[in-house]
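Visitor: Protein chains in written order, with the numbering used here: chain A, 1 to 372; chain B, 1 to 372.
No lab work stands behind these hints: they were computed from the structure.
All of these numbers come straight from a predicted model, not from anything done at the bench.
Do not take every clue at face value.
With a straight-line Cα cutoff of 20 Å, these simulated EDC-like cross-link-like pairs (lysine to aspartate or glutamate) come out [what the hints assert, rightly or not]: (1) A:K39 - B:D16; (2) B:K102 - A:D217; (3) B:K102 - A:D92; (4) A:K102 - B:D345; (5) B:K39 - A:D92; (6) B:K333 - A:D239; (7) A:K102 - B:D239; (8) B:K102 - A:E335; (9) B:K39 - A:D338; (10) B:K102 - A:D319.
Number of protein chains: 2
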Amino acid sequence: MSAQISTQAVSIDLQDRSYAIAIGAPLIDNPDTFAGLPKASAALVVSNTTVAPLYAATLQAALAPHYAAVHLVVLPDGEAFKTWQTLNLIFDALLAHHCDRKTVLFALGGGVVGDMTGFAAASYMRGVPFVQVPTTLLAQVDSSVGGKTGINHPLGKNMVGAFYQPQRVVCDLSTLHTLPSREVSAGLAEIIKYGPIADMAFLDWLEGHLGALRTHDLSALAHAVRRSCEIKAHVVAQDEREGGLRAILNFGHTFGHAIEAGMGYGQWLHGEAVGCGMVMAAHLSQRLGLVDTAFVARLTRLVQGAGLPTVGPVLDAHDNAGRYLDLMRVDKKAEGGDIRFVLIDGPGKACVRGAPDVLVRQVIDACCSTQA
Amino acid sequence: MSAQISTQAVSIDLQDRSYAIAIGAPLIDNPDTFAGLPKASAALVVSNTTVAPLYAATLQAALAPHYAAVHLVVLPDGEAFKTWQTLNLIFDALLAHHCDRKTVLFALGGGVVGDMTGFAAASYMRGVPFVQVPTTLLAQVDSSVGGKTGINHPLGKNMVGAFYQPQRVVCDLSTLHTLPSREVSAGLAEIIKYGPIADMAFLDWLEGHLGALRTHDLSALAHAVRRSCEIKAHVVAQDEREGGLRAILNFGHTFGHAIEAGMGYGQWLHGEAVGCGMVMAAHLSQRLGLVDTAFVARLTRLVQGAGLPTVGPVLDAHDNAGRYLDLMRVDKKAEGGDIRFVLIDGPGKACVRGAPDVLVRQVIDACCSTQA
């Protein structure tokens, strides 16, 4: 952790649920990073088998001055474990340690750890405070911010959960040094997303800095994480519980969730499915006359340049489009069985709307291959 | 359902989460009872194997004019089934029926059905609306009001859940006609509770009407349910998330939860454990000099007159008091391992405070018997 990046703060304005996102390197080794959180006699660090050996001891040492006891629970790693059974390991640890309703939880890991720790915090004794300490690029730019928590159900992703805001988000960029390149690419998918839906200047910048981001350049990462968090904070502040606007952050996710569920959770990384899903959603936008083919080609190039798949998997050899449609009908945005897509309504602007099945089928047929 | 009681309404004031409690007989057979709820294409009635055969068809018929589809899921009956496995049956049903995030859930049953349906509503797609239709006296006067939802963990009662308010509470007094007398007594425990903590005039009234209540007199039930809901609504409006005051509603519950957990969930009914727990808490209040022995005797007589146990079970033949203390340390009110008791601080007034272990042990020794 020799390289340093001075700490920047992005704030997310949600009245009495407001909080700060600290972005810098290093952060998790410093007790000051965790000053001013709610007082408690105990903290519980929740991590997984991959991240805990790398960073749990460092974080526990930084928390030690603040809490009389700092416990640790280590979960199995991966989307396939984002289940009630794994969530229950957190409750087991809390109860085994006699943790009371003031106990602060710290989510140390990627999106799966963050989503499950947040839901455990929302539910343990009907709510205890928690802090997000994301160690993957995807979690730093997206899943740790905004209070969406939950677990998967065999019939749908993130179907059980809560809107529950953390007390603070701590994005330590130095933890990204240990991130495998496949995970860096997955994180880039959620970064790229912010361009077409909200900020084409950011998309321009990304086209010039993909290489730097993929080789862990700290300055480039700092800018990408900060700008992503700013856009997300701005959207979430206007629509915390996804009554409308917030759904635009799900660009690429309707097709993406179908890929994840159809392949079996954990086969494709969430970011990989979202990357491919954005390409499919761009194609659908084009077929609806909302953007031109040049825009689709530009976005496809960027997704490909990030090291992400741009061709969808065949989920059913007999009726692939039908299988995608079935899976998309259980999306949380669906209403009365009608799928709602996040589409690009001209560069830098998103809309949420339905689309004729026949057009959706054409997009799926054009975008999928058994070679994927 | 020939006997009628005109409908009364108690409102609970929680800003944008405010709602009404309708009390009358009959109610669940009338579509008007359910007018004005959030619009949705589907409703899901959640009930159990005891209540569903009696009232599910009636409720479904009354809901039919409001929703294109009214589904039903029937859970196993009893506190022993207040688990994640049972909760998951609700999610399974919601997903099998492709229920979207506007679907309205209706909890038709007692406290267990209400707590689980509320938690399912809080968590399904991160929150859908729900309505409480309590069919037990205990649920009508206590558990259906105030938004406490959740499930049990093997190591503690209601350890996993959410504060999540219903859209409406419908207390149909005519459903109490089918309630077994043991369940009526259990409900009376939560009614009696409101006297010592808030309203001694109500305690006077109860002493004169126990017989009428135990024989299902509709006028007496209407008064008891309304007054109980009024007191609970008043307390919850001041402290929705139990930062302080709301804890007084847990009078009798600290000892009671230890009895329930120690005996195994479902052996003692929740109301039976609370009845006995109130007697124990009154004894502790007396030993701390907060009330006199005449008050303890009066409360004990009333609990006994309601058909409830007043002597606690022996949970451990070798160190019974130690076992109670261990179980009470996982109570949600405990802080840093210190048990917090709801005590009577003079008739009609409650306080929340700790007590020396030695005094608590004396109370347990004096109040428990293997004959219980």
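Visitor: Go through the numbered hints given earlier and state which of them the structure violates, listing their numbers in rising order.
Guide: 1, 2, 3, 4, 5, 6 and 10
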